[in-house]
Each structure stands twice: as C-alpha cells, then as structure tokens.
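Novice: Residue strings, one per chain:
There are 2 protein chains.
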Amino acid sequence: MIPFNKPYLTGKETKYIETAVATGKISGNGVFTQKCQQFFEDTYGFKKALLTTSCTDALEMCAILADINSGDEVIVPSYTFVSSALAFVRQNANIIFADSYTDNPNIDADKIESLITDKTKAIVIVHYAGIACDMEKILEIAEKHNLIIIEDAAQAIDSYYIFKDGTKKALGSIGHLGAFSFHETKNIISGEGGMLTINDERFINRAEIIWEKGTNRSMFFRGEINKYGWVDTGSSFLPSEIISAFLWAQLENIHPIQEKRLKIWNKYHDELKNNENIDLPVIPEYATNNAHMFYIICKDLKHRTELIKKLKEHNILAVFHYLSLHKSEFYASRHVHGELTNSDHFEDCLLRLPLFYELTEAEQQSIIEVINNF
Amino acid sequence: MIPFNKPYLTGKETKYIETAVATGKISGNGVFTQKCQQFFEDTYGFKKALLTTSCTDALEMCAILADINSGDEVIVPSYTFVSSALAFVRQNANIIFADSYTDNPNIDADKIESLITDKTKAIVIVHYAGIACDMEKILEIAEKHNLIIIEDAAQAIDSYYIFKDGTKKALGSIGHLGAFSFHETKNIISGEGGMLTINDERFINRAEIIWEKGTNRSMFFRGEINKYGWVDTGSSFLPSEIISAFLWAQLENIHPIQEKRLKIWNKYHDELKNNENIDLPVIPEYATNNAHMFYIICKDLKHRTELIKKLKEHNILAVFHYLSLHKSEFYASRHVHGELTNSDHFEDCLLRLPLFYELTEAEQQSIIEVINNF
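Line by line, the protein sequences are chains A and B. Read in order, the letters of the first sequence are residues 1 to 374 in the working numbering. Read in order, the letters of the second sequence are residues 375 to 748 in the working numbering.
Treat the hints as calculated values from the structure; they're not laboratory data. Careful, some of the hints might be misleading.
Lysine-lysine pairs mimicking BS3-like chemistry, simulated, CA-CA at most 30 Å apart [stated by the list, open to error]:
1) B/K601 to A/K309
2) B/K543 to A/K263
3) B/K641 to A/K25
4) A/K227 to B/K542
5) B/K634 to B/K686
6) B/K399 to A/K25
7) A/K227 to A/K267
8) A/K15 to B/K389
9) B/K543 to B/K421
10) B/K399 to A/K309
11) A/K12 to B/K380
12) B/K485 to B/K542
13) B/K511 to B/K421
14) B/K634 to B/K380
Small disclaimer: the values here were computed from a predicted structure and weren't measured.
Can you make the complete structure from the sequences, with help from the hints?
Specialist: Take a look at the structure:
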C-alpha cells in the first residue's frame, strides 16, 4: 500500500524531547519554542513568530488582533480548509466567500474588490499548495480600503512571492499577519501545530499577551514589569515544549526535506505533463514552488472518482479536498453572493497525489504509470 | 537547588512517540488519543472524555457547549487561574466572581446563591489543589436554578467526592462538564495538555463536532454519514498524537506516581502539623486527597515574603499564586460585587512547596527543616 502521506522522523525528535524534560521545562514558551521562533524570524523575515497548537489557533489570534467583532465582514476564499473561515466565525464575523481563479485554486484577486463593503475589516488569502496569491494586487486593494491582510500560509512554508521589481519575500511575511501549519501532512511537521507571524509591529505586544492567556507574563519574564496578571482576552495558544522540540529536529533538516520534495514534485510534473486527460498545477511567474503538494485536475467528478478507484486497485491512496465552504451545511444559508463556479470546479476535479519524504522512486513510478495508463 | 517542580519521564514516552510516527498518524484523534480517552472513561466514569491541547481549551469547549453568549452571566471563583474565567470571556460572558471559604480556597457554596440572577447560565467550580468543592450543596443550587455546572478539575485527576450516602464519584464526573490539565506541574503531564469530560449525554455529539473544527468528521470515520463537512462552530481543540503518546506513558504509571506523591504529601503534613506559625490544608470529610499540591498558609504577606526569601537562601524554590481575578487589570472595573476577603487572604498568604515525583527524602527533609526553624 502506498499511503497518501507518511510522517517522518529526521532522527533527533525524541532526543530533543528528552533534552526538554531534562532541562526541567516542558510547558510552553521554553527553549525549543524560542529556538524555532528565532529560526523562522531569521530565515523568513517575519518581524515576530509565535508557535501555536495549530494553524486554526494562529488564525484565531489573527481574528482577535484584527479586532474582528460581531457584524464585521471578512473576505475568505471558499475553496479552503474550514479553519480559514472558522477562526473568524468564533469572533462572530460574517464571512464573505470569494471565488478561485479558473486555472489556480487561489483567490481571484480581480474579484475581491466587488465584495468589499463598509463593514469589511480583513481579507484572508490562502496560498494554496504553497503557491503565492497575487500579492501586489491584493496589497493595493487592502491599502485602498484600509483592510487587514491575513495570509493563511498553512501550506506555504519556505515559499516566496516575487515582486515586479524582482525582490522576493517569504509567504507569511507580506500581509499584516500570517498563519502556518505543522500538521502531519505538511512539509515540516509536529502532528498538530502552527505558528502566527506578525509583520505589522503594532500587533506584537498584544499578540504575546493573547498567546499567554491574556496575561503579560512574557513582559514579566523579560523584567519589563514587576508582576504579571490578567490584562486582556486570549487563550492558551502556545504549544507544549514536547511539540517544539519535535519541530526543532524537523527544522534542522528543512533543506534536505525541501530538496527531496522538490525532486518528487518535478518528477510528477515531468512525467505527467504530456497526459492530455489531466491538467497540472500552474505556477504564476510571481510565485516559487515549495513542493508542498502535487495535484492534478481531472476532467470532471466522474473522471476523478474512477481514477481514485483505479489507483486504489493498485494500492495507491490519492485524496481530494475541499468541499466549497459557501455550500457547507453551516454556511449555505448565510452565503448570499451567488455561485462560485471555480471553487466548485476544484472541489469536483482536483486530486492530490502521494508526496512525502520517504516515497521511493519505484513507488512514484508506479503511481505515474497508473495515471498515464488510465 | 531544589526546584519547585520537575517534569519526569516514566520511561516509555519517547518509545510511544516513535510508535505513533511508525503507524503513520501523528495528527489528532489517533490510537494514543483514543487509548487515553478510554482509560479515563473506564477508570473515572466520565461518560465521554476528549483530550485537548490545554485545560483552557477544554474550558472553551465547555463555554461553547453551555451556549454562553453575550450578556450571559457565569459565576467563577476569584481565587483561580485566569483560564477559569477567560474561556467564558471569549464567549462574551459577564463573569461574576465568588469568594473562597475562610479555611479552604474552594468556592464558598453558601455564598453562591446570592450571586444568581435571571441572566446566570453556569457555575464554574474549581477543585483547588485537587480537593473537592462541596458538590452536594452546589448540585442542589444548580438544579434549583437550572444552571450548568462546569468542574474546573485542572488539578483534580484521581480525586473523589464522597456523597452523604457513602458513594464516591471522581471529580470531573459530577457536573455536566469538566476540564482537566496535563500541564507540566500536574500529577500526570504532557507539558501543555488538557481534557474535556462530558457527563450529560446531550452534549456528546456536539462536543465531537466542536473538537474537530466544527466538522462532523468523527461521525464520518465511524461510518454514520457519507461525507463530512462544516456544520457548527468549533476550533482545533484536539492535541497532536505526539502529546497523547507521551501522556499514555504517564497514565500507565499513574499508580506509582500517585503513591509517591501521597507519601511526600503525608510527610509534609506530619512534620509541619505542629508548627504554630502556619496553617495546613484542610481536607473536608467529603473529599479525598490526590496529592496534587502541598501548600501552607502564612500569617500574612510579610511572613510569606520572608519565608520565601529564607527558603531561597537554602536554594529551595517555593512559589505563590493566584492574584484574585476580580482585582485584575482586565476585570477590576467590571467587578461590582464588593470585596472577596478570603480570596485576597489566600492571594497574600498561601505558599506552595516543592512536590514532584523525583523529590528525594533528604531534599524534602531540608525543606521541612527550613520552615520549622524559621
């Protein structure tokens, strides 16, 4: 059986967990949490990084920091994981769902402006498959309407947007706030896990407070205040050091992991590009590829269903996602902005192929052959 | 240096983490999560147990399940950790703070009824130091006023309430809902971590949905529905399997851990009980002792400050907590129910002594001697 995904130990995960226990601290915000955060800030240029227990939790922090309250509108793509919208629903936002491009699941930047009203407070963009949204267009819209941009970069670690002047910026470092995932299916993993990134400095102090259950504990430990107490809303957003120690071992190996994933991604692309029955991912010129995901686009739902079945007959597990959120049981009756046909198209036709560090060349070859012979 | 707390590996924690990775699943709700939950349900009689990333998150689930909305009032003791109140603030509740007993930090059951209004929806009780609140009185009040009881059992694993008829029930299994913590300072640990317990069956289905990001994924995996989608509010409340695997190793050793802690607790009690300068914990006849914490009550703030200093001179770290929540920067202006003098007394006078599995007899003896010679 070739699974769709397989988590992988780089080698030092459990050693670092033992180190954390031996140092006497395994609750949140310990040495490994700080090492990970420092690495992310230094490597990708985030002004501040805070690890969280999940990307959902990082998005909830974004919703609180963006001061989303009852009646505020937040624009979110429909073709995304439920958390991209859910985190804002917890702050009682009205979600306004946006459509994808025709040839790319990312939010269609040309369709955002028509959804903006005087109640709009933020735009959540999702860098699907780690491929950048059209950030220059989106930044322009946000600036014009004074909106907060939240990058749902769940899949976008180690991926970049290239500005027209040639400068490159890491995804998650461009909007006011960003959120990453270290869920087991991601490039860098801790089972469940996430990270908030802050690029607008005015949010940093409050983020630390919200992260530590509404207390100013971080300031206390830096010696900036004499005692700490309850000063704001918040939650226990910070992960156990057990999670951070695991993540640190993964981060030490980010280069070999990324190299291997890109090799797998490129082989899929090379060997499937002449298959006329399917479409392949389109990478816009402003985007880099972090090899988070390899997907194909089938002709229609029937085609995809049959291909999944054929792959399963060969003991290969390929999976689809997402169900358009605007049609979900929870949101259908609240969504009043008409059909989102591109989102529905990807819901029906997109198929994700196995892509993980320990996928062998022979396994990958067999997957490619089943698809090309279908 | 004798630390206040020291986390401890029972032996199989990292082995089980490796097992989880090898099985191919380290995201939430995997084999170890289910083993832990089953153990808790079987051992303590919870109708349903769901692991969470923290006790705060379990309390947030309680707030959502209790349908707390803007304007609802929730009664919470003031002498508690911020999360006991914060989780309900996230649902926009008005917190009504209650006082402790004179001789016991638990909520004074005789003072609850005067705080109830027609807006009151729930009572949060905290079993401080794992010692039961007066549950029969509290159950009677809740029934009379049709209120939901939420047991903040953060410190109360393996502790019981003894009813007048002699029956014993585990803490966290008595109210409608309960919340536990596996923070590094607790008896059973995973660094950060928690658990929701559900004793009123009408909450079980919705709890599973809220736990899995508002989706009916759990029902899907049990084959009860054909596909899963977004049906409710929620969050990513479930922990990584890395956390659950660690916790499982701890749970396998709960008996030796509890035995050792009780031995330490009893030695403190025996050797400090004749010290006339301090008061010791009072365990009501309806409560058992899970040896979560050993605390002493100093005469006043000055006495406690000097004792902490003296202990520090002997390289012993003893700590105090909590700051009365009704006086916090966040809540002081909202609290209109007068002075809570017992809460303030414990804030000033309670001192926690080191209590952890690997505390040696010689170390404990030195702590006792410093206190008795002071």
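Novice: Flag every earlier hint the structure violates by its number, smallest first.
Specialist: The structure breaks hints 2, 4, 7; every other hint is satisfied.
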